[in-house]
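Protein chains in written order, with my numbering: chain A, 878 to 1045; chain B, 489 to 807.
Hint data in this document are derived by calculation from the structure and do not stem from the laboratory. Honestly, I wouldn't trust all of these hints.
To be verified - Computed Cβ-Cβ distance ranges for the label pairs, DEER-style:
#1 A:Pro914 <-> B:Asp548: 26 to 36 Å
#2 A:Gly1020 <-> B:Pro534: 54 to 64 Å
#3 B:Pro552 <-> A:Tyr982: 46 to 56 Å
To be verified - Which stretches of chain A does chain B cover? Using the computed rule of at least three CB atoms under 8 Å from a CB of chain B, they are:
#4 924-931
#5 989-1002
Said to hold, decoys possible - If you want the ones that stay clear, here's a sample from chain A, every Cβ over 10 Å from chain B, calculated:
#6 Glu897
#7 Ala903
#8 Ala905
#9 Ala910
#10 Thr944
#11 Thr945
#12 Ala947
#13 Arg948
#14 Ala949
#15 Ala950
#16 Cys975
#17 Ala1009
#18 Ala1012
Think of the CB as a built atom: it goes at the ideal place given N, C-alpha and C, for glycine as much as any other residue.
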Amino acid sequence: MSAPDATGRAPATVAVLPLETGGCGACAQSLYALLAPRYAAELAAQGITFARSPRHADILLLCGPMTTAARAAVRRVVEALPEPRALVAVGDCAITGCVFSGSPYLGIPPADDLDANVEIAGCPPSPSSILAAIAEAAQLLAGSSATDAAGAYEATDDEDDGEEEPTR
Amino acid sequence: MNDIFAFLLAVLIYPGVVVAVLAAAALTWTRDAGRAFVTRATVENPMRAIRGLRTALDRDALIPDGAAPRIVGALSLAAVILPLLALILLPVPGNPLVSVIGATGDLAAEAGLLLGLPALRLCLGWALPSPYTRLAADRAARNLAGAVVVLALALAAIAEQFQTLGLNLAPARTAPATIDIFTRLLALLAAAFVIPLLARATPTRDGAEDIDLVAGELTELSGADLARFRIGEAIQLAAIAAFFTAVFLLPLFPTVSGAGRAILWILGLLFTAGGIGLWEGYTGGVRASGDRPPLNWWLGLPLLLALLALVAAAWAARG
Chain A
878 MSAPDATGRA PATVAVLPLE TGGCGACAQS LYALLAPRYA AELAAQGITF
928 ARSPRHADIL LLCGPMTTAA RAAVRRVVEA LPEPRALVAV GDCAITGCVF
978 SGSPYLGIPP ADDLDANVEI AGCPPSPSSI LAAIAEAAQL LAGSSATDAA
1028 GAYEATDDED DGEEEPTR
Chain B
489 MNDIFAFLLA VLIYPGVVVA VLAAAALTWT RDAGRAFVTR ATVENPMRAI
539 RGLRTALDRD ALIPDGAAPR IVGALSLAAV ILPLLALILL PVPGNPLVSV
589 IGATGDLAAE AGLLLGLPAL RLCLGWALPS PYTRLAADRA ARNLAGAVVV
639 LALALAAIAE QFQTLGLNLA PARTAPATID IFTRLLALLA AAFVIPLLAR
689 ATPTRDGAED IDLVAGELTE LSGADLARFR IGEAIQLAAI AAFFTAVFLL
739 PLFPTVSGAG RAILWILGLL FTAGGIGLWE GYTGGVRASG DRPPLNWWLG
789 LPLLLALLAL VAAAWAARG
């Protein structure tokens, strides 16, 4: 684990890798909305970029429930991320399975199976909520939170207005 | 100043490690600014990039199964050393190796050192057991093959002009003939096409301008190995800019001396780095020929310019 920044700030840049583990794709769409010009300034200000390879990523965003078919591949991707790393479970499916829970094709939700550091609820969560969760994960990487801290954010409004505040 | 002190000064301070790193940071920012100007993106704060590299050095260096860690480590170390050597051996103004040891530089040696980093990336791409890195390496090899031919011809034209493979950067007493200026301009234009390829920084982040391949030769690298390659690429940019300025730009203004020559040096470095950034932003990546073979118009044009430069140089030598 790298030494945290002297002021406890987040790392200079954080590279984020989104990973679909199953599901309907709404969380992924919400996540990729962050690539729109609307969020470019905020991403640049927080030093958040999207990595192309797990080797280059600091934070892994897990979208969707964990299908049994995807489990082995997802584990390989997680192992490919070098330490220090943080896992963010994005959306209700990643936390509880949501509408898919009980399906015979699903295993334990990624948040529990992979011991995610940050969870953000919502179906799907808004892009700004996801951004806040990434920032929280970046803070964890910097060591400014306790090692086992897990923040649960509830999207107060499933409509994407981009203005809601994350709540704990 | 004795030889050992001069050598240490050249390697550690100027134009060695300290100045190389500062120049690399400044010119990388210049390139990013050039690219951002075209793509209308924001320019990353250079201090943030430096902090990012420092953080990357602390991260785990995972080596994929089937790859030898020592080889990967050696390649990444060489990726820093080769462009640094190219910079140290360039007879830039004030280089202690020039004033004390009488080093004159060598076109062939400099070109070889500058081709080192791209070649190391190819080796790494092929050495790693990953289809992505090998695909990237195959394509980079095709592009590099085209670039080497053009660069060799352009350098041959310059060598023919000055009747030496050495690098004489001292100002000339008399103005050159028009045919000489024309020859040097053609060589500059030809080299300008291949310089962005030699100074390519492997994209590791998603960006609108980098959508071509999932990743490059550095896909499987992490931690200190990746950080060393990124540092090497930054120093390579500084070395390329200095080489291009010394070999192709300054000969266009051979009689300028003193403060004017110093200004030309600085402008040349900034122009080269900024120009590379503008080009990268315009073409959406430095992979000029994409997946196509190198023998297309994109190689044809610089190849034609280089051949014309060679012909013009031979004509000038006759005259």
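Hints versus structure:
no. : hint                               : in the structure
1   : A:Pro914 <-> B:Asp548: 26 to 36 Å  : holds (34 Å)
2   : A:Gly1020 <-> B:Pro534: 54 to 64 Å : violated (24 Å)
3   : B:Pro552 <-> A:Tyr982: 46 to 56 Å  : violated (30 Å)
4   : 924-931                            : holds (count 6)
5   : 989-1002                           : violated (count 0)
6   : Glu897                             : holds (15 Å)
7   : Ala903                             : holds (20 Å)
8   : Ala905                             : holds (14 Å)
9   : Ala910                             : holds (14 Å)
10  : Thr944                             : holds (22 Å)
11  : Thr945                             : holds (24 Å)
12  : Ala947                             : holds (19 Å)
13  : Arg948                             : holds (20 Å)
14  : Ala949                             : holds (15 Å)
15  : Ala950                             : holds (15 Å)
16  : Cys975                             : holds (27 Å)
17  : Ala1009                            : holds (20 Å)
18  : Ala1012                            : holds (15 Å)
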